[in-house]
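Colleague: Let chain C serve as the given structure and place chain V on it in line with the hints.
So you can see what is in the structure, the chains are spelled out below.
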Amino acid sequence: MIELSGVTKRYGPNTVVNSVSLTIPGGGVNALVGPNGAGKSTLLSMIGRLLPLDEGEIRVDGLDVSRTAGNVLAKKLSILRQENQVAVRLTVKELVEFGRFPHSQGRLTAEDSRHVEEAIEFLELTELSGRPINRLSGGQRQRAFIAMVLCQDTDYVLLDEPLNNLDMRHASQTMGVIRRLATELNKTIVIVLHDVNFASYHADRVVAMKDGAIVADGAPGEIITGPSLTEIYDLEVPVHSYADRPVAAYFAIGSRPVPNRNANHRPPTKAVLATDH
Amino acid sequence: MLVDRRRLAQVANVRGMPEFGRPALVLLLLGILLAMVTALFMTYDLKGSLAFALELRGRKVGGMLLVGFAVAYSSVLLHTITNNRILTPSLMGFDALFVLIQTSAAFLFGTLAFLSLDVRLRFGIEVGIMLAFAAILYRLLFGGENRDLFLLVLAGIITGTVFTSLTALIMRVLDPNEFLTLQDLLFANFSTVNRDLLLVSAAAVVVIFVVTRPLLPQLDAVAIGREHAINLGVNHRVLVRQCLAAIAVLVSVSTALVGPVAFLGLLVSNMAYQLTGTFRHRYTPAAAGMIGAIALIGGQFLLQELFASVVRLSVIISFIGGIYFILLLLKEAGR
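Chains as they are written, first to last, in the working numbering: chain C, 60 to 336; chain V, 40 to 374.
Please note that a few of the clues may not be correct.
As the list claims (entries may be wrong) - If you want a taste of the chain C side facing chain V, the calculated C-beta under 8 angstroms gives, among others:
| hint | residue |
| --- | --- |
| 1 | G96 |
| 2 | A133 |
| 3 | S137 |
| 4 | V145 |
| 5 | Q164 |
In short, the hints are calculated from the structure, not lab data. The structure presented is a predicted model; accordingly, all values stated were derived computationally and were not measured. Heads up, the beta-carbon is just placed ideally off N, CA and C, and yes, glycines get one too.
Isolated chain V (complex conformation):
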């Protein structure tokens, strides 16, 4: 059976047909699963005005799809350019910074001014600051010769904590009314997604996908190591910068929509590597994205329908993801 399949793959290769191996099969199955979960979420127990319910649920599903793909893709990109599978943008404090930006803006200009600002402009400014942070991070990550993994994780966690603490400090001194408005804006909440923000985010994600699509084969070369990639003609420095910029935009999207979702990226990207059994970027971002969307939509559905929304989805994801993170760290350290 196994030999047969290998021979089949060889025949397919000789004829120049795309190999229909395990990764493609996994993508297909994930696609079917995602479609099923989405259909279930959209149609289960529909009551009242059909158009209204569908619009409301459609917005939620759209938000979760975007967040799933953005978080997964940003994690895969960071894994590839740092050559390790533990760092995620969330661990490096990317999303904590986004929250800090929003909180400081609300503090300085007031939530009213902040919210009355055109959503596209607001998002643009936030993404700009995130890009600046990515540039600083580039220096930290790739500036020196020393690229010790655990030092980086530690540095990332500390920056993240600093950002979170600063946010907490600002929130303490904020006017209680402002604080409430801000909290609505910030915290992982899959049930209310702003429609304008959804459109802007969708546009940003689509642009990122289109722009980074031609880079994917080069990322395969980067995955085998920096020096090999340079030898093979990849402009490593430029590619890494492009990836960090893409990560900054993707994290901005997901955090702006639902707030920080710690460990989701780590969980879905590593599941994607394991399921597809490959590191090739033709498969991993799509697989990770679909797993992310399935986890969010499926999880949200279960919470809403079975547990009557007593627990937040982000809490459960952080819990499972946190355990997984510790397991991964132990596995790496044991090597």
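With the rest of the complex left out, here is chain C:
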């Protein structure tokens, strides 16, 4: 169980995360959604102790993340950030092997090698295992990093926008793998998602953030509705239903005439027409 109470993060005068309290019981895919700058990534980084908190407390299975020793937490929780660049040259297998670091401190045992093999197989990277990661495509690289985190074999996996920059095929494949981590391997996934539709189809619970606070929390069917999306994103989104799940058709909005905006723009158009006559 992940418990957050009164978690606050400030950068100078800006409060990025404002006294957030949240409880995530074990299991399932928990999606964090919300507009850019809502504080989702910051919150996730704080749970993964990549950022210190200014106020509040975060406990993972009762362990306070800001006080517990790093290597104890590393066996309990893993985090994968958005920007995954590695400063040195590594092959896929070497990267995945790093996932065993908390368990073996760099000296791989037979048990570690088994985990590495399994993780590589689970993410269908067997054929790429000898390739340097800087020579992989975006989707392959993302899978390699997920394999590393999987290999770390933690109960809790935190993922920050893992579908970023992936095309349809790679995005859906990656999301499928993440779903399987929860369903087949019983892991608790906390994932920041940009696209609410992925949350709709793959998440068990959706937590929506806006301006550093949680504004909605519930099953995908409760959160992905016209009114609540309007509140979260300040945008009227038509929500349809496909395969029994809500789908937000936000990609069509740009080309549709929006009544309010037209009303504002009409007077000058009229004036131009008038001079023509």
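Modeller: Coordinates of chain V only, in the frame set by chain C:
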């Protein structure tokens, strides 16, 4: 051939044997080369009293070994904790500060008082000040979110220049006799190494090696990036502090022995990465250290025997290293 070797390595891995790959081979070859160079330096053209000559040369070789390893190791450590391969302690003004400390001490208390001080005590004080500087540098390097590489290089060069200018200023106003004594003490000089200082330095380097040895696997994780390292359970902040402290001591050792040797660290560490083809700290510090020692001992030998010591070794190293530094910067900027 290549496939065979890979298969061999796999077999070795399965049996739990240490993999005898390229890095290990490079270490072995460097070890042999270092032994050969050292033997040549020690025995070439021996004349007069054997015991005296060997003691004298042994002291030089000891000094160069220490300096080679200290400079190389400190550079590798700084590269790892900053995740780039261009910064060296010397570029960040570490050794310039050491010279400044010595010069200011000579100015304030006089070279006589300074030199009559017990060498261990003197060295201890100098290392203490260096450690304080490392603490300030830690704030600069890792305090904020902004870690722009070129800004850091620039900041480092400027601090280094400030230290050097302050040193020059103090030297101008120094008594000429004091100045001469001080210069003897300061400038890269591989041919005269103080025996007491050599012992103290050797002890310091050995302590640093022993203390940092258990950290090496964690440094591998740090090398792949700060956030990955934290995720993998490394206490990044503490580890970085420990490394900076180790760097401060190592730079103190090398600068106290022979004065600043600009670019040596940059040259040998990058050569080590290229030769071993790995970033693993099981190999890189040892490889860089041996390359450093080979360059110093071999270079000194060539200068003494072939060029009759008309040019200083440190000048040649700075020249080659400087060109290499510019090439590296261009390569980084081109990315």
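Colleague: Under 8 angstroms, Cβ to Cβ, is where G96(C) needs to be relative to chain V, so tell me if that hint holds or is violated.
Modeller: This interface hint is violated because 16 angstroms lies over the 8 angstroms limit.
Colleague: Quick check on S137(C) please, does its C-beta sit within 8 angstroms of some C-beta on chain V?
Modeller: Hint holds; S137(C) Cβ to chain V Cβ min 6 angstroms, cut 8 angstroms.
Colleague: Interface hint check: Q164(C), Cβ to nearest Cβ on chain V, cutoff 8 angstroms. Holds or violated?
Modeller: holds (5 angstroms)
Colleague: Given V145(C) was flagged as interface, is its beta-carbon under 8 angstroms from a beta-carbon of chain V?
Modeller: holds (5 angstroms)
Colleague: Does the closest beta carbon of chain V sit nearer than 8 angstroms to the beta carbon of A133(C)?
Modeller: It holds, given that the least Cβ distance between A133(C) and chain V is near 3 angstroms, below 8 angstroms.
The structure fails hint 1 only (numbered hints given earlier).
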